[in-house]
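Asker: Here is what each chain is made of, one letter per residue.
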Amino acid sequence: MSNDTTGPNTTEPDIAGTETTPPPAVEQAVDPRLLVREEGFKGYLNEFRRKVRGGELGSLPVVIGLVIIWAVFSIKDSGYFAASTATFIAYYGAGLCLLAMGMVFVLLLGEIDLSIGSVSGLSAAIYAVLYIHDGWNPWLALIVTLLCGAAIGAIHGWVFAKIGVPAFVVTLAGFLAWQGLMLWVLGSSGTINLDNKGLMGILTGNSEFLGADISGGYILATVAVVISLLGGLNEQRRRRAAGIPFRPTSELILRTGLLAVVAYVVAYILNTDKGVPNVLVLVLVLLVLADWVLRRTTYGRQVFAVGGSIEASRRAGINVARIRISVYTISGTFAALGGLAIAGTTQSANLSGADPNNLMMAIAAAVIGGTSLFGGRGRVWSALLGVLVIESIQYGLYRLSMGQDAEYMIMGAVLLAAVIVDSLSRRSQKNSGRG
Amino acid sequence: MSAPVLALRGVSKRFGAVQALTDVELEVHPGEVLALVGDNGAGKSTLVKTIAGVHPIDEGVIEWEGQPVSIQRPHDAQNLGVATVYQDLALCDNLDVVNNLFLGRELKNALALDEVAMEKQARELLSTLSIRIPSVRIPVAALSGGQRQVVAIARSLIGEPKVVILDEPTAALGVEQTAQVLDLVERLRERGLGVILISHNMADVRAVADTVAVLRLGRNNGTFPVRETTQETIIAAITGATDNAVTRRQARVAEADK
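Chains as they are written, first to last, in our numbering: chain C, 1 to 435; chain A, 1 to 258.
The following block holds chain A by itself, in its conformation from the complex:
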């Protein structure tokens, strides 16, 4: 396999008395969809925020294309080529779709913002991703949850990133919209991007991910190739035991079926 585009080596992060991450290792390769799974509070969102520069790491090294880099601010991550789509979307409700897509990366001409160029690019991007929204000039507040999600993902692609982080992209979506987002994830992989996908939904993970990395209580708890791993193994890694609520339930159901 090719060299990782992004690698975390022994990353730790504390918030006051809480040790959110301890010695976490992670590798993302170009054209790979890495699913990051774990229970609530396992540190997935914190890990993503350290990569995105929202929370700088306390210990450890982040390597970008083999070189150690320092990510202190969101801008550092953006400049490297990391784009992040957060669980809470992080769109500005009062701005329209075009302005949200280009927020922080506005196109300018000699005098002012180049609204025409931004609107043109926005329309092209949305149509190549087959994204349907009423108009690129209405406030994001007027869009449905699914529409906001695809706008948020489209936004991450504006800066030509090399790694895209998706935090629970399908959590609030209907069946068809989930399929669209998963299609979108596969399109990102075809473009040769490294994708980090955070999800609670095992069906989504198995559908699109190449590799699954499990976090448990802020530590690594195994990395598995999806195709050669059973769902039970992954769930055992997430919950930390082979005897857990999920397996007990399955056993009960199997018992009842007999």
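Extracted from the complex, chain C is given alone in its bound form:
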């Protein structure tokens, strides 16, 4: 994944490096001064270097950072680089990752949602009360909880988009108000224990794909690799048929190979511990789905457009208010689901559900993963990368018995580093005429 720096549209034209000659009419559209990628693997490397220098860093900084973090903790603590670490990260990172995915949608608009921590706590409380106290069917309780999250997000979006209150203030009010509602819903007891029925069974950590069968991880890895390869080949075929530049087969094989290495190594590591947690499968499925929505649908294109230029979007006939309300609705829904996953790690809905740390870490995860705070640039996969960084650090510090004092300071430094990379990348994009 480290050389996947092509941003939301990974359909890089490859004008010189193709076997077929494009029709001359098309070739005319190319400026002769243009730097085109040379043929073969060397050209690919050269283009990669040029992009890094031009500020299109993509997920490169975070991958390098991750390697450094793992190396440092492994030196300090010989037991860190173990399969149990991966399981820990998968269980405890899932809820945060769901919150961060919602946050990516909001950040793509160039806005922020400060309420997701409170909404996640509230949703856990609503679910617990409906299911445990009132004895509802767990799936019905789940659906109602998610709808509550969506409705809360829609309210934020509506006040922001229709009344024009800055999103920062709307969601700050939500941050306070929904936390209060959570306290009221939980009542005097303050804690409601949950069991493993319904979706909570998947979220609570002791549930693995295919009942922890050793084949589970490899089946998932194979499915991912095959779908990726077939998708790439299909796109190559369609682009070739349409007479427009396409990725050379060598590049497709390289990409698929990298994905295969990552997927099978992760599957192997998780298998040596407990197996692939179902919550990780759920998160990955949602990531693929959200990525598809953002990159392949009209709706996703409109989200990017509004994040790039509100005025241009409005003039293109995009209903900006509708996009804003829907994005906050998505954020609220992910917050509700993430809240349930976080409640799953403690098997209870309690007062700490609305911990503002969850909010801060979700924003940090999205930004660390490479989604711009300035809107219009990023992808949902950055949520996963950012959570990997955060949970790797948290677990490492926990194993070294370092207190929250060290944890907060290190997290602060990492977040600042991520934002500095984002700002510097914007600046060097400007310098090389890209922004």
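It cannot be assumed that every hint is accurate.
[Claimed, not checked] Restraint ranges, calculated between C-beta atoms of paired labels, are given here:
1) A:N109 to C:L258: 37 to 47 Å
2) C:I163 to A:Q67: 47 to 57 Å
3) A:L107 to C:I64: 30 to 40 Å
4) C:T297 to A:Q67: 34 to 44 Å
5) A:V69 to C:G135: 55 to 65 Å
6) C:R322 to A:G159: 12 to 22 Å
7) C:F81 to A:G159: 48 to 58 Å
8) A:N109 to C:R322: 54 to 64 Å
By construction, these hints were calculated from the structure, which means they are not laboratory data. Glycine is no exception: its CB is placed at the ideal position from the N, C-alpha and C atoms.
With chain C held as given, fit chain A onto it using these hints.
Answerer: For chain A alone, kept in the frame of chain C given last:
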């Protein structure tokens, strides 16, 4: 002359205490380049935005092919067949050229966006207009001002419009790029489109326009056929007097030449 494709009858627009447009009349015919000129603040941009649906009109009637129509939103104008290229271009810097060309009119297949078809059409369109850009898949932020301008104009043609509005299309361009844009305007006329060209540059107006409509302080101040009108007449209409800074300067220069 054929019937106007777009006509404004007595259009007025207010912003709070400012009367931006008062009883403006305008007619655009198919295959005609209508230059809309006027001083800064004369209401040219406002007028264009009322046609494009950005600012709905307060009073008056907009007629499309002889029928009164209501333009409340940009979509209404798009659906009628009005395409607008704004002074500030209105491109999304973070999206690539193809995505910008098709923004708001994306091509779809059964499942998702049809990127292949969009890229193919984009390349064909750009090459028929002889537009040179480095790649159709780089972010618009990476293009020069002239390249952005031609992309913005090309974008207006994606929806097969009948009227194209160009707001100061040559304001920020070099000599050769200006010529390219003017060529492009003539190509639009040859296609039978009605073109509304807003410009401060009299040379451009005289080069491509058929008719000049002058706005002054939000009102009509004369409509002239370009070929039978002197530049002085147009400038007098723009400034509202035959004795103005331009004529005084010309008189001084003529004096000095003697």
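Asker: Taking the earlier hints as the rules, which of them does this structure contradict?
Answerer: 1, 2 and 8
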